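Undergrad: Could you slot chain B onto chain A? The hints should help.
These protein sequence lines map, in sequence, to chains A and B. Each residue of the first sequence is one higher than the one before, starting from 4 at the first, in our numbering. Each residue of the second sequence is one higher than the one before, starting from 4 at the first, in our numbering.
Hint data in this document are derived by calculation from the structure and do not stem from the laboratory. The reader is advised that the hints may include incorrect statements.
[Said to hold, decoys possible] Residues of chain A placed beyond 12 angstroms of chain B at every Cβ, according to the derived structure:
#	residue
1	23
2	198
3	295
[Said to hold, decoys possible] DEER-style ranges, computed between Cβ atoms:
#	chain 1	residue 1	chain 2	residue 2	range
4	B	221	A	85	23 to 33 angstroms
5	B	221	A	258	28 to 38 angstroms
6	B	83	A	243	55 to 65 angstroms
7	B	171	A	198	50 to 60 angstroms
8	B	288	A	127	39 to 49 angstroms
9	A	69	B	257	41 to 51 angstroms
10	B	126	A	111	26 to 36 angstroms
[As the list claims (entries may be wrong)] List time: in silico DSS-like cross-link candidates among lysine-lysine, alpha-carbon distance up to 30 angstroms:
#	chain 1	residue 1	chain 2	residue 2
11	A	5	A	227
12	A	175	A	228
13	A	239	A	175
14	A	227	B	227
15	A	5	A	228
16	B	228	A	228
17	B	5	B	228
18	B	299	B	239
19	A	228	B	227
20	A	239	A	299
21	A	299	A	175
22	B	228	A	227
Predicted model, so just to flag it, every value in this text is computed and none were measured. Built from N, CA and C at the ideal position, the CB exists for glycine as well.
Protein chains: 2
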Amino acid sequence: MKTALITGVSGYLGGHVARRMLADGWRVVALVRPGSQLTDDLDRQVTRASYDGTLSSIQAAFASASVDVVVHLASAVVANHRADQLDPILDANIRLPTQLLEAMRAGSCKRFVNTGTFWQYYNSDNYTPVNLYAATKQAFEDLALAYVENDGLVFHTLVLFDTYGADDPRRKIMQLLINAIDASTPLALSPGDQVLDLSHVDDIADAFASAVQRILTDNPGSWKKWRISGTRLPLKQLVELVAQVATMPPNVALGALPYRDREIMIPIDRAIPVLPDWAPRYELVDYIRHMVVERKQSRLTHEY
Amino acid sequence: MKTALITGVSGYLGGHVARRMLADGWRVVALVRPGSQLTDDLDRQVTRASYDGTLSSIQAAFASASVDVVVHLASAVVANHRADQLDPILDANIRLPTQLLEAMRAGSCKRFVNTGTFWQYYNSDNYTPVNLYAATKQAFEDLALAYVENDGLVFHTLVLFDTYGADDPRRKIMQLLINAIDASTPLALSPGDQVLDLSHVDDIADAFASAVQRILTDNPGSWKKWRISGTRLPLKQLVELVAQVATMPPNVALGALPYRDREIMIPIDRAIPVLPDWAPRYELVDYIRHMVVERKQSRLTHEY
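The shape of chain A in the complex, shown without the other chains:
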């Protein structure tokens, strides 16, 4: 039985990755802040290790179990940060993962699966950050290279795009569009020509499970990066797709908002290869169909 130390298990993606690892027979150590809430099913199945901001708390987490791989999904995601958010962002996105690498340098676990974002590539095949959050992701990868080259750590990054799935507490576009079906006030959107890349959360979990298997046999000093690409289509085409499935257009106002500052119109593609031995299982249209049906049923239930 192998052990994964996973960060971000209290989050939406991290929770799904942890469940998938557990289902695959892994033991999971969840590195969490004191007071972080896990859902009941995860709370029963994972071992909690407490992170208090110090390297020693991370060293204690490694000492508590024989860890085979680290999967890092914790992140402070802030699109437009305020000054008072700078320190927490640096702590979460740079200090925490670098402390993990530092502990690994002296320990027996040498394999680290990292999470990147397409926001590191603003309409470019090269690093050009959309915002500070994306820059902290890049900065951490730079720091990781020192541990890879000097200490033989193995470091793989999965670059994520937009994600969706059931019970998503994040205000993501898929959920917003589904909610806009027969909403009374229109959902204000940009003109909608930006291409989205949408992956189901279970496909993301598959990708991490696959990356974990792959990294276990990779050579010391290896640094790799893959993208986890799902369905690509412009936002306005996604609106049409929802309209077709729902047999009524969602109440949206395309063009009511300007594009965001530094909106990515075409997410990075060929410059980063897709993770090998992985392909999405979920069809976007099936998910929309499922959500539309579920929505109707829940409305029926309420009418009783």
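TA: Then chain B, alone, in the frame of chain A:
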């Protein structure tokens, strides 16, 4: 009268840059840790601003003066770090300068002269860190790009190599070689085929003074990088040069030590342009001659 906020003024290079800026008629605000020692001449001439690790202390420093340009020379330079040095290194090399940029984002000063190191390029034209220190330098540049692209800051980096000068408290190769002239025990060195790039500290100060003038008229959103190259020669040729000038060989044992892990054999050159409108004024051989004479005189003095 213009004002520069300078970090690292308590250090060897930072002190020389501050003196040069003062000599050029600038007002200097030295951002220093409480308890940092400045030499008496600097203490009389600069305005101290205290940095306690917080963004608010930096905001207070900017509020205390109308700053035109920031010159960032503070750095935690650690060739091979220990685990307990990780947090201080991240704080000094990433948090401090990012807090400076964050304060500048909301303020009127938008120009930042940064210090890089040739250790960011381990026998490569691309980023490949010699050690964690070099990685933190790269990580900060990546963070800076977010402020350049999102907030229109102007960011120039001067990439430094080895430096030398009078009264250098750092254990640098020039000083060690001069001290090895008629030393009783030999100075153990590597085989000496690595090429050094040596600049006099006053040439470094010239370069920063020149970069400061240049950045004042550059356009918003500009991100540039230049190298400050001095005399290039292999270490063993430097040993010969000292021997010629001193008319006796320094007591060194070339090959008594192995090369360092990740020793740079040929420092980065053409991939990064030399700072325009700047050229070194100091000849390495003149400096050696000066030091050899001074050494003889000081020995005569002692014989009285």
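Undergrad: Take the C-alpha atoms of residue 228(A) and residue 227(B), compute the straight-line distance between them, and say whether it is at most 30 angstroms.
TA: Status holds; Cα separation ~27 angstroms.
Undergrad: Does the alpha-carbon distance linking residue 5(A) and residue 228(A) stay inside the 30 angstroms limit?
TA: It holds: about 24 angstroms lies between the C-alpha atoms, which stays within 30 angstroms.
Undergrad: Residue 299(B) and residue 239(B): Cα distance at most 30 angstroms?
TA: 23 angstroms, holds
Undergrad: Determine whether the Cβ-Cβ distance between residue 288(B) and residue 127(A) falls within the hinted range of 39 to 49 angstroms.
TA: The hint (39 to 49 angstroms, Cβ to Cβ) holds, given that residue 288(B) and residue 127(A) are roughly 46 angstroms apart.
Undergrad: When you check the alpha-carbon spacing of residue 5(A) and residue 227(A), does it fall within 30 angstroms?
TA: 22 angstroms, holds
Undergrad: Using the beta carbons of residue 83(B) and residue 243(A), state whether their distance is inside 55 to 65 angstroms or not.
TA: 58 angstroms, holds
Undergrad: Holds or violated: residue 228(B) with residue 227(A), Cα cutoff 30 angstroms?
TA: Answer holds: residue 228(B) to residue 227(A) is near 27 angstroms, not above 30 angstroms.
Undergrad: Using the C-beta atoms of residue 126(B) and residue 111(A), is the stated range 26 to 36 angstroms upheld?
TA: 30 angstroms, holds
Undergrad: Given the proposed pairing of residue 227(A) with residue 227(B), does the C-alpha separation stay at or below 30 angstroms?
TA: 28 angstroms, holds
Undergrad: Would the pair residue 5(B) and residue 228(B) pass a check requiring their Cα atoms to be no farther apart than 30 angstroms?
TA: Satisfied, since the Cα-Cα distance of roughly 24 angstroms is no more than 30 angstroms.
Undergrad: Is the nearest Cβ of chain B still more than 12 angstroms from the Cβ of residue 295(A)?
TA: About 38 angstroms separates residue 295(A) from the closest Cβ of chain B, which puts it past 12 angstroms; holds.
Undergrad: Okay, residue 69(A) versus residue 257(B) on CB: inside 41 to 51 angstroms?
TA: For residue 257(B) against residue 69(A), whose Cβ atoms are near 46 angstroms apart, the range 41 to 51 angstroms holds.
Comparing the model with each earlier hint shows no violations; every hint is respected.
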